[in-house]
Amino acid sequence: MKKRYDIIVIGGGPAGSTAARYAALAGKSVLMLEKDRDIGIPVRCAEAVGEIGFKRFFEPKPEWISCRIDGANLIAPNGESVRLQHDVGGYVLNRKVFDFDLAQMAAAEGVEILTRAYAHVLLYDEHGHVCGVKFTHLGREYDVSAGIVIAADGVESRMGRLAGMKTNLRLRDIETCVQMTVANIDIDSRFCDFYFSSKLAPGGYLWMFPKREGLANIGLGISGEYNAERPAIDYLNDFIKSKYPRAAILTTVAGGVPCAPYMENLVKDSFMIVGDAAHQANPLTGGGIVLGVWAGQICGQVAAKALDDNDTSKARLQEYEKSWYKAGGKTHVRSYRLKEAVYKLTDDELNKTASKINKLSSEKRTLVSIFKTALMNNPKLIPDIIKVFLS
Amino acid sequence: MIKVREELCDFCGTCVSVCPHDALELFESRLVVDEKKCTLCMMCEKVCPVNAIWEDPK
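Going line by line, the protein sequences match chains A and B. Per the working numbering, the first sequence starts with residue 1, numbered consecutively. Per the working numbering, the second sequence starts with residue 1, numbered consecutively.
Calculated directly from the structure, the hints in this document are not laboratory data. Note that the structure is a prediction, hence the values are computed from the model and not measured. Be aware that one or more of the hints could be misleading.
[What the hints assert, rightly or not] Not everything, but these chain A residues come out facing chain B in the computed CB check (under 8 angstroms): (1) TYR118; (2) CYS177; (3) THR181; (4) ILE185.
C-beta: ideal position from N, C-alpha, C; glycine also.
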C-alpha cells in the first residue's frame, strides 16, 4: 500500500468496483477499500436484473447467472395473476461470483484492493477540501491521501454525510427489506413472481426470484413508514409459512433499498458519491445493480479526466452530475413520480387492474398497458409511463 | 438510550441510512451509537427490518 493514490474508492460493490476499474483504465492509481471480510458477501440483494440493461454493460458469463428468466407473474391482492412475457426477460444473478469478478476486473487494470478496511474519517487539506481517508485495517489505523475520494459505501452513505451532503433517507423513501433463500419449494423457475398487496407488503412488494429448480430468493420490501407498525421480517415469516410450509430456509438477510427522489448533488471538491450511497437505485423497482455499474463507469471516467486536467474542483467534477442526469437521472425523476402514484393504489384498484389486463391478449399485456390501466385516473403520468418503460 | 438486540441484528445498516443526526455507525460489524448525537428520535427503531433496536428508558 502506498501513502498516496490518485483515487480512493470506498466500497467494493458493483458501483465501487466499476468506478475503480474505469479510473484505473484511464491510467490512475486507485485504492479500493471494502469494510467486510469478503467482496460480494453477504449478498444483500434479490439478484434480479433485466436482460436489456445488463447486456448494455456485460456479455453475461454463465457462472454469473443462477437462472434465466422468461417472464413475470404479477399477482394482485385477490390472487389473480397477470403473466408478462414480452420485453421482461432477465437473469437472477449469483452476486457472490458477479461481485468477485467485477473486483477481479478492477484488479486486472491495476486497482489495489483491501478488504476488512473500514474508512471512517475523511481527511481535509488546509483549504477545507477532501484530501484522503483514515481507515482501520486489522486493528491498525492508516491515513492515506488521494486526489479524489469516491464514496460507494452503499445505502448507509456515511461518507457522504461526513462530506457534508444530506444523504440520510426519509422513512417513506427507504424500502425495508428481508429476504430468505429457501429450498424445497415447488416453483416454475422460468418466471419471477411479484405480489402486490397491503396485507403482504404494504408500500412495496413481495418477490419470488428463482435461483434454480426448487430454490429461490423470497423476500419483500415495505415502506419504512409501514415497517414502523410491523417489521418486515414478520410479514415474510407469515408468507413463507402459509405459501411454502415445507420450505427450508438456507439464508436470511435484511437490508434497506433507497427508493428516493433523484439526488442532484453528487460531488464536492475532490469528492464524488455513487451507487446506493447516491440513491442511484430505481425508485419504482428498487433495482440498483445496472444503475450502479452505469453511474460507476461515468464517475470513474470523470474522476480520471479531472485529474488529467489537474482540476478536481466541485465545478469540474459536476461533469459527472450532468452526464448522470442525462444517462439515468431523467428516468429516475419520472420513476419516482410513478412510485408515488403507484404506492397510493388500494388493493381494490390493484384487483381491478389485474382483471382488466387479463382481458387483453398476451401481446398487449405489457408494463405500459398495466401502468396506464392502474393509473388511469392520473393521465398526466402517461408520458412518464411511456418514457420509463419504452426508453 | 438506544439498545441493539445483538442476537437479532443483521448489521444491514438500514438504521444508519435514516439516522437524521448521524449518530449511528456500523463499525466492523457492530452497531455503535454516539449518545452525544442521538436525540432518541427512534427513526432507527421504526425502520429496522428485524426489530433489533429498542429504547432502554434507563
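Against the structure, the hints come out as follows:
1. TYR118: Hint holds; TYR118/A Cβ to chain B Cβ min 6 angstroms, cut 8 angstroms.
2. CYS177: holds (6 angstroms)
3. THR181: violated (14 angstroms)
4. ILE185: Hint violated; ILE185/A Cβ to chain B Cβ min 22 angstroms, cut 8 angstroms.
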